[in-house]
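Protein chains in written order, with the numbering used here: chain Y, 38 to 383; chain L, 38 to 383; chain V, 38 to 383; chain B, 38 to 383.
Check before you lean on any hint, since a few could be wrong.
Since the list gives no way to pick one copy over another, a pair counts as held whenever it fits inside one copy or between any two copies.
[What the hints assert, rightly or not] With a Cα cut of at most 25 Å, we get these calculated DSS-like pairs of lysine-lysine: (1) Lys156 with Lys335; (2) Lys201 with Lys265; (3) Lys226 with Lys302; (4) Lys335 with Lys77; (5) Lys131 with Lys62.
Think of the hints as simulated: they come from the structure by calculation, not from any bench.
Single-letter residue listing:
Protein chains: 4
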Amino acid sequence: MIKVGIIGSTGYAGQELVRLLLGHKEAEIIWYGSKSYTGKQYADIFGNMFRIVDDICKDDNITELAEEADVIFTATPQGFCASVLNEELLSKTKVIDLSADYRIKDVHIYEQWYGLEHKSPQFIPEAVYGLCEWNRDAIRKARLVANPGCYTTCSILAFYPLLKEGLLRPDSIIIDAKSGTSGAGRGAKVNNLFCEVNENIKAYGVLTHRHTPEIEEQLGYAAGKDLKIIFTPHLVPMNRGILVTGYADLNGTVTDTEIRNAYEKYYGTEPFIRLLEPDVCPETRWVEGSNYVDINAKVDPRTHRVVVMSALDNIVKGAAGQAVQNMNLMFGLPETEGLMSTPMFP
Amino acid sequence: MIKVGIIGSTGYAGQELVRLLLGHKEAEIIWYGSKSYTGKQYADIFGNMFRIVDDICKDDNITELAEEADVIFTATPQGFCASVLNEELLSKTKVIDLSADYRIKDVHIYEQWYGLEHKSPQFIPEAVYGLCEWNRDAIRKARLVANPGCYTTCSILAFYPLLKEGLLRPDSIIIDAKSGTSGAGRGAKVNNLFCEVNENIKAYGVLTHRHTPEIEEQLGYAAGKDLKIIFTPHLVPMNRGILVTGYADLNGTVTDTEIRNAYEKYYGTEPFIRLLEPDVCPETRWVEGSNYVDINAKVDPRTHRVVVMSALDNIVKGAAGQAVQNMNLMFGLPETEGLMSTPMFP
Amino acid sequence: MIKVGIIGSTGYAGQELVRLLLGHKEAEIIWYGSKSYTGKQYADIFGNMFRIVDDICKDDNITELAEEADVIFTATPQGFCASVLNEELLSKTKVIDLSADYRIKDVHIYEQWYGLEHKSPQFIPEAVYGLCEWNRDAIRKARLVANPGCYTTCSILAFYPLLKEGLLRPDSIIIDAKSGTSGAGRGAKVNNLFCEVNENIKAYGVLTHRHTPEIEEQLGYAAGKDLKIIFTPHLVPMNRGILVTGYADLNGTVTDTEIRNAYEKYYGTEPFIRLLEPDVCPETRWVEGSNYVDINAKVDPRTHRVVVMSALDNIVKGAAGQAVQNMNLMFGLPETEGLMSTPMFP
Amino acid sequence: MIKVGIIGSTGYAGQELVRLLLGHKEAEIIWYGSKSYTGKQYADIFGNMFRIVDDICKDDNITELAEEADVIFTATPQGFCASVLNEELLSKTKVIDLSADYRIKDVHIYEQWYGLEHKSPQFIPEAVYGLCEWNRDAIRKARLVANPGCYTTCSILAFYPLLKEGLLRPDSIIIDAKSGTSGAGRGAKVNNLFCEVNENIKAYGVLTHRHTPEIEEQLGYAAGKDLKIIFTPHLVPMNRGILVTGYADLNGTVTDTEIRNAYEKYYGTEPFIRLLEPDVCPETRWVEGSNYVDINAKVDPRTHRVVVMSALDNIVKGAAGQAVQNMNLMFGLPETEGLMSTPMFP
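Build out the structure end to end from the sequences listed, making use of the hints.
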């Protein structure tokens, strides 16, 4: 059994990690870390865990945890993981960081978009960007995985094959993304109260959202050159789910068939990517609770553009599920272990 | 492997049966019955099943199905199962009926509350009321199980031990129940449109709801005498979940401890019933997607009454989950097989 | 024009007061008080007010405000109004307190249920309980009005005529109430985050909710004797609305007609109380945004009880609307001024 | 008093017309038309109207209605108005058509996108496109007004000034729109059931939505040339509201100030258009129940594009409110009569 520690187990992503790992045959959670709830019964905070989890929340002493754990998940605010990571720790345990600390290779871009000083940039080169479908081999050998963001995973997976195949003009990409409210975290903020979110939709972080440079870096690898995108996130009155509606100019005449072929080429055997039937639009409800990403696209001959659509569950494939998928790869387990439950509807 | 047929697989309870059975190690679905969608791809109706279920919907020819299936679930409107059941069918296959056709022992009461003529009353005596926690032994031997209703399960499980122990005055019971909208079914009705249900709460079927006599019959067994209750259902703008808030006069001086002891006595080892810690109120979110029933109660010394509370997921323990639990019992499998997933939050 | 000051104008009730008073022909708001947002533009907090309200939030200096205002609304936490009220203030201005400070005549009961020391009990005798339909004459002459609570208004209006006419057994009353989430206030609490409230229903404050003694006192007046009730509030995933489902034993044989007659007798000409047609259940959506209370009841001959139902908008008739209705009475204006807008659906 | 008839008064737009006209000083509704509910009490269908509207629903005999009404609103399915309109009718009464029948000047485009034969194309040239902010003078003189669509109004108002001023490259426009569910109508369809819409977001009608050519025609007038856009509508789990997030390439170097100046130039004195403060994003909750359109835009120097955002209430400014605004213009009333209520939050 893999011994797992979670720092930040009482956020929405942390709690989802717990839910998924409870259904994982080869993992056992030995540390429910929570700075806010240290000393409290985990199941008192999350009543779904009553009679299932008997543990008490522990603090975030990652050094002590490293002595016991085979792998540590940090589901913590930006900057935490970078501030505690060191060589000794990495020599004892693997780390899967769900924050953004090691996602961006250029530390200046990280510091600029996040407004933080990076405390351990020396580990950035080693960190593997944990987008399993594209970095599988590197992840298998990694000590430190930077688990991608939710918007990011949804956006990159949808555009990557099309850029890789040269079907799009790289600088024309516009991503209009819509997220359920669990993506806003479990902090007590007026803006996230029920009555403020319910019966409303809004864009936020327009032209300044921190997932922008992460998407640009990864799609730049796909395109083989730097690119700039527009990324607009929106808050939707629902618990879970991200829907990406993306737009790009086609590189000359490109047909729906060529688009499908590109997806088939790279994702034909992927267990968690479902290329939908032609004309079927992804919907967040169909992936809820699961690690699936549903993708489709449609060429517009009138404007010579393509509309790209993708949907995932922001706290599964967009956070905890992908983290478990990374863990499976890092420990040589079947990649799908613990992740094959059917999406729950309604 | 148990060969399972589902008649009515495209309603909410039917689809949940599919989801649960896909995670069941000893069962395989061989018939996705749907009168409305015969001939259509199942995954075209429920996109969550895409790449998971490849089957085409079949009609509701239960006679043909009986040749192949070890067990048939009928998740159909009232009257259907009663109209097709016969001795030959029951000699070939087991039947778990999710409708009300065989739940009520007095056929006159059934016909009066449901406004239907019962087409096969001869099977009523044989049918076992599939409330596993109370009828486990009979279910194990049954050919025909009448799977309890959602409101009913939630209400009966909460009151049964207290009546059995004589702690309550039987005729004082008032049940105020609140249900998610999946309980209203998947039929195209104006009343169940998003804009009609959202931002609203209402009572309905006041003093006339069909689950009333079912609850009265079962609680009558607990009390050892006939009783009459008030049962008021309400429609809540959420997908899943039933919350029962019940009230009853105490039989003399009864303490919180005596109430707890009664629950412990009957449910202490039950896998799916969670007696919450004192002062913790059941919430539907903590059981979502699971087969759990959360129960608690609180004595009011000011009015000499008790407030009883219980929560379950109406399409799991209130329908499909309980049906699978019944199947497990009927086939000698571990009762919890396929039903132990952690509730999903948020 | 009546000069109005609002202390606590940035809570949900305070903001609704602003919305209603903007449509009132005889009132003008001269003070947008808000301790949390002092110095900020009101319309920066509530974007609906952009280009409508140009004012800056002021502090809660009620003494200064009393120099300018004809009436002050205190939409503030319990204890605030009691801590600032004095004779000089009341000699200069009228006060409508939306908190509970002056609702309960027995200060010991107030202090016990609210866990607060009352700082100005000398004004309790003078304060008029602002339930317009029952205390109209006293309100007209009042300097200090205690505006009733939301659950309270909905409960009392539904039961009062039936008790007054002696149709019910006073100690048998059980009130099962359901509230939209704006009733929980605009404070930043994890429990009221979107993802915690959405897709959930729960009871809370079971047997201990502070509105209990307020309802008991008022219904005691109706019954002509002290009484004890059970009151169970529930939180519903919707913005606005309260639904009360109440239960009581009938006093001998009572018919639906006698119940209707009692309502007609007291409410036949009330502008804001709508007695629904027989068998029509109140729904919160039909009163949304309005000052209406919809009421109906149904006798159960099987159990010799009555089910009483009522619905209102918790921040209109349950708070701000009733406060304006009180103001209208206190200033000799038509009682309905500013309050006759049609409920908004959907 | 203007005598008003409504054909289609029991849809969401029709009911909103009723709500708005009840608050209008110069109009009285004399005909509540409803094919589905002919003969039924209007207030039995919409409980909010109880004790406010006493009328019985009438059929859709527009010829008879024309004898009595000064103006007829047709809130009916596509094709109805075109099939009943004739010269005699227009000689007796004015018509404001909320359907698409007369919105598009090129009848071939209408027939192609709507899949309908137009039954009275002879009135298309006469019909005035009822976007008050741009066609005010023509509306004042019109007998027949084609009331714009909801997505359309939101999109056109946001882009029109920028195109008119030559700030954008016309063929680069992409409109990503999000709508509340009342936009999907009140028909009984499985797709619009609560459990199908709740906890979900999806795109629909991708590249084929009927509002596309309407937007293209109007924006073509602004640009002074034909243009093609991409328009992608999405369904959001909320009752009301449309949010448009639009994208376009800037025509050379354009600053935020130039964008603001363009909006100020055309909308500076508009009563219903609110240009938000810099960096404030429109949110649907702030316009709910009102006739306001909130607009803002932000230049992206990184990609040389602009993000344009606008929000309105789809059944007010997107349907019934705009229709009343048109009526006010056609009858020489103050344009804002009956339309100045403050948006309702939460």
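Hints, verified against the model:
1. In this homomeric assembly, Lys156 and Lys335 never come within 25 Å of each other (Cα to Cα): the closest approach is 44 Å inside a single copy and 33 Å across copies.
2. When the C-alpha separation of Lys201 and Lys265 is checked against a cutoff of 25 Å, the pair qualifies only within one copy, where the shortest distance is 16 Å, while the shortest distance between copies is 28 Å.
3. Taking the shortest Cα distances, Lys226 and Lys302 never come within 25 Å of each other, neither inside one copy (44 Å) nor across copies (38 Å).
4. For the homomeric pair Lys335 and Lys77, the shortest alpha-carbon distance between copies (24 Å) is at most 25 Å, but the shortest distance inside one copy (50 Å) is not.
5. For the identical chains of this complex, Lys131 and Lys62 are intra-copy neighbours only, at 19 Å inside a copy versus 33 Å across copies, given an alpha-carbon limit of 25 Å.
Consistency note: the structure conflicts with the earlier hints numbered 1, 3.
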